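Visitor: These protein sequences, in sequence, are chains A and B. Position one of the first sequence corresponds to residue 1 (this note's numbering), numbered consecutively onward. Position one of the second sequence corresponds to residue 308 (this note's numbering), numbered consecutively onward.
Read the hints as simulated data drawn from the structure, not as lab findings. All figures in this text were calculated on a predicted structure; none of them were measured in a lab. Among the hints, erroneous ones may be present.
[Unchecked claim] Pairs of lysine-lysine, DSBU-like flavour, derived with a Cα cap of 35 Å: (1) A:K113 to A:K184; (2) A:K169 to B:K442; (3) A:K113 to B:K313; (4) B:K466 to B:K550; (5) B:K324 to A:K109; (6) A:K141 to B:K467; (7) B:K313 to A:K118; (8) A:K13 to B:K467; (9) A:K29 to B:K550; (10) A:K141 to B:K325.
[Unchecked claim] Incomplete in silico selection of chain A near chain B, CB under 8 Å: (11) G52; (12) N73; (13) S77; (14) E87; (15) I100; (16) Y105; (17) F138; (18) G139; (19) I285.
Here a beta-carbon is modelled for each residue, glycine too, at the ideal position from N, C-alpha and C.
Chain residues, written in single-letter form:
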Amino acid sequence: MEASITFKSVAKKIKSETLLADLSFGVEKGTRFALVGPNGSGKSSIIKMISGIIQKDKGTIYVKGYETENKLNKIKSIIGYMPQNSEFDLDLTVYDNIYIYARLYGMDKNSLKDNIEKISRLLHFNNYLHSYPKSLSFGLKRVIMFARSVIHNPDIILLDEPTANVDPKFRSIIWNYVCNYLNKSTIFFTTNNFNDAQDYSNRIAILYNGNIKYNGTFENLVNSTRGLARYSIIFKDKIPNDFIKIISSNPKIINSSFSDNIFKFYSVDKLVCFRILKHALNSEIEDIDISNCSLEDIFKGIEIDND
Amino acid sequence: MIENIKILILREFLILKKQSFSFFSLSFILPCFIYIFFAVPFSKVFTELKPIYSIWVCSGILLVSVLFTVYLLNFNWIKKIYNSNFMNSLPITTIEYFISQLLFSIIIGLFQFTVSALVLNSLSVGFISFSQFLKCFFVLLPSIILVSNLSLIVNSFFKKEYIFNFSNCLFFLFISFSIGSFIPINLYPSEYINFVIYLPISSSLINIQNIISFQTIFFNMLFISIFYCLVFCFISYNIIDRKVHN
Chain A
1 MEASITFKSV AKKIKSETLL ADLSFGVEKG TRFALVGPNG SGKSSIIKMI
51 SGIIQKDKGT IYVKGYETEN KLNKIKSIIG YMPQNSEFDL DLTVYDNIYI
101 YARLYGMDKN SLKDNIEKIS RLLHFNNYLH SYPKSLSFGL KRVIMFARSV
151 IHNPDIILLD EPTANVDPKF RSIIWNYVCN YLNKSTIFFT TNNFNDAQDY
201 SNRIAILYNG NIKYNGTFEN LVNSTRGLAR YSIIFKDKIP NDFIKIISSN
251 PKIINSSFSD NIFKFYSVDK LVCFRILKHA LNSEIEDIDI SNCSLEDIFK
301 GIEIDND
Chain B
308 MIENIKILIL REFLILKKQS FSFFSLSFIL PCFIYIFFAV PFSKVFTELK
358 PIYSIWVCSG ILLVSVLFTV YLLNFNWIKK IYNSNFMNSL PITTIEYFIS
408 QLLFSIIIGL FQFTVSALVL NSLSVGFISF SQFLKCFFVL LPSIILVSNL
458 SLIVNSFFKK EYIFNFSNCL FFLFISFSIG SFIPINLYPS EYINFVIYLP
508 ISSSLINIQN IISFQTIFFN MLFISIFYCL VFCFISYNII DRKVHN
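Taking the hints into account, I'd like the entire structure generated from these sequences.
Guide: Next up, the structure:
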């Protein structure tokens with residue numbers, strides 16, 4: 001498969017603190033690549049380095065075969081970037097905001113009007129084309145920023161937390177468009193929303209402590225946990241002290257937590273669950289819940305490993 | 308390249324379109340106010356001037372109104388790059404940013420120059436002919452470019468709004484009273500005159516005064532203006548380039 005984005009031993013310091021260290025990974029052409037990680041882990045910086053907004057300190061970044069060091073303008077012309085914060089020309093209407101930037105990406109002015117009308121219909125903001133951004137809701141602004149970054153059908157689309165703090169309606173509008181109309185583009189998005197990463201990407205990387213901890217499909221990530229599952233036991237009354245003593249000494253229990261009458265834990269061994277359940281049955285229990293591992297669970301696992 | 312420059316200029320005009328009423332009103336009011344509040348009272352003081360003060364002062368009014376407008380309209384420009392990740396992700400080169408802004412400043416300068424000339428022509432009948440108009444604008448051009456760059460440089464160093472307002476006031480005072488726009492320069496101390504006549508803006512002013520009073524242009528002064536203009540272009544180009552390439 002052809003690579004759209006390649007990082008080779010990239011390092012970046014911000015104010016003398018190492019943000020990214022010896023970072024290497026690749027994104028294949030046509031994939032929807034989700035980069036998840038805690039706040040401040042460097043997700044946005046990676047997107048900004050790809051789009052040439054900030055410079056790396058070390059290493060090499062290739063975008064569609066072009067090196068960012070010497071072909072930056074070429075790279076900028078084949079990407080579409082959606083920043084994390086609202087960035088509009090507040091004195092331009094929504095239409096003009098999209099029109100001007102699409103023209104700067106080299107779109108033909110004759111076909112642009114139709115394209116803007118089409119995308120505004122698909123993304124449900126056609127009634128706001130002649131409004132000013134200041135008067136729009138946050139969710140609508142995000143949708144318009146998304147439209148502005150994809151209007152020119154770029155080969156590579158970089159979305160920096162596209163649906164952060166966006167309500168479900170606009171969230172589904174954005175993801176529907178990504179899934180239905182941008183199949184030919186490579187989509188690289190960062191998110192803190194694990195459900196978005198799980199549902200809308202076909203490759204996930206987890207950024208932690210300046211480097212990629214996991215990189216693969218969600219199924220592979222789940223497999224790499226060797227059957228890690230989340231268990232919850234809900235007692236009718238307060239969790240008995242005897243029970244807490246017993247499970248505290250069990251090394252196969254991962255990340256256990258107690259709250260009044262609910263006991264939660266992770267484990268890769270189902271037998272552990274049955275043994276714990278056996279102890280729990282000494283008291284009266286109300287419910288039990290066994291769930292497959294989600295991306296959030298894996299991420300929590302990484303945080304535990306590192307703590 | 309030319310296409311991008313055209314689009315960037317179009318963007319500036321679309322932004323200006325939203326405030327078009329206030330912009331046109333202020334363009335008209337500025338030379339009127341300067342004439343009424345400076346020129347009319349001073350005309351009672353400087354009665355010995357040749358040509359008469361109300362004609363002589365037109366060069367100062369033209370220069371102040373044009374340069375002050377250019378300074379104000381350029382002030383916000385660098386912020387649009389500094390504060391926008393999105394702008395920096397666009398396939399625009401530094402030279403395109405730079406030229407588009409210079410051309411925008413020149414167009415705005417020409418517009419303000421035309422409005423001011425029309426206003427002054429109606430107030431002091433026939434002070435300027437069409438050929439004088441073209442010559443005046445030509446000698447003012449280096450100062451327009453210089454002020455556009457100066458505005459950009461000042462704004463790239465100072466971020467606070469009160470400093471922005473303060474610097475506007477200082478700039479207005481400087482171009483009004485330090486280079487002989489409204490008060491004849493020969494009334495200032497001779498040491499100061501020797502210094503100030505080589506400032507780029509004052510050399511433009513002296514040349515406009517010469518054109519209006521049918522005297523010859525001082526080309527050495529024009530070249531000094533062009534030299535300063537190039538120096539300021541170099542500095543501001545590097546400021547933009549540093550920002551664009553972070």
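Visitor: Straight-line Cα separation of A:K29 and B:K550 no greater than 35 Å?
Guide: Given that 35 Å is the threshold and the Cα spacing comes to 31 Å, the pair holds.
Visitor: Under 8 Å, Cβ to Cβ, is where A:E87 needs to be relative to chain B, so tell me if that hint holds or is violated.
Guide: holds (4 Å)
Visitor: Mind checking the CB of A:I285 against every CB in chain B and telling me if the closest is under 8 Å?
Guide: violated (52 Å)
Visitor: Would the hint linking B:K324 and A:K109 be met if the CA-CA limit is 35 Å?
Guide: OK: B:K324 and A:K109 at ~20 Å, within 35 Å.
Visitor: Should the hint that A:S77 touches chain B count as held when the rule is a Cβ pair under 8 Å?
Guide: Nearest chain B Cβ about 4 Å off; hint holds.
Visitor: Compare the distance between the alpha carbons of A:K13 and B:K467 with 35 Å, and conclude whether the hinted pair is satisfied.
Guide: holds (28 Å)
Visitor: The hint names A:N73 as touching chain B; please verify it with the least Cβ-Cβ distance against 8 Å.
Guide: holds (5 Å)
Visitor: Need the status of pair A:K113, A:K184: alpha-carbon distance at most 35 Å?
Guide: holds (23 Å)
Visitor: Within 35 Å, alpha carbon to alpha carbon, are A:K141 and B:K467?
Guide: The given pair, whose Cα atoms are some 27 Å apart, holds under the 35 Å limit.
Visitor: Is the hint on A:Y105 kept, meaning its closest Cβ partner in chain B is under 8 Å away?
Guide: This interface hint holds because 7 Å falls under the 8 Å limit.
Visitor: Is the straight-line distance between the alpha-carbon of B:K313 and that of A:K118 35 Å or less?
Guide: holds (25 Å)
Visitor: Between B:K466 and B:K550, is the straight-line Cα distance small enough, at 35 Å or below?
Guide: The given pair, whose Cα atoms are some 15 Å apart, holds under the 35 Å limit.
Comparing the model with each earlier hint shows violations of hints 2, 17, 18, 19; every other hint is respected.
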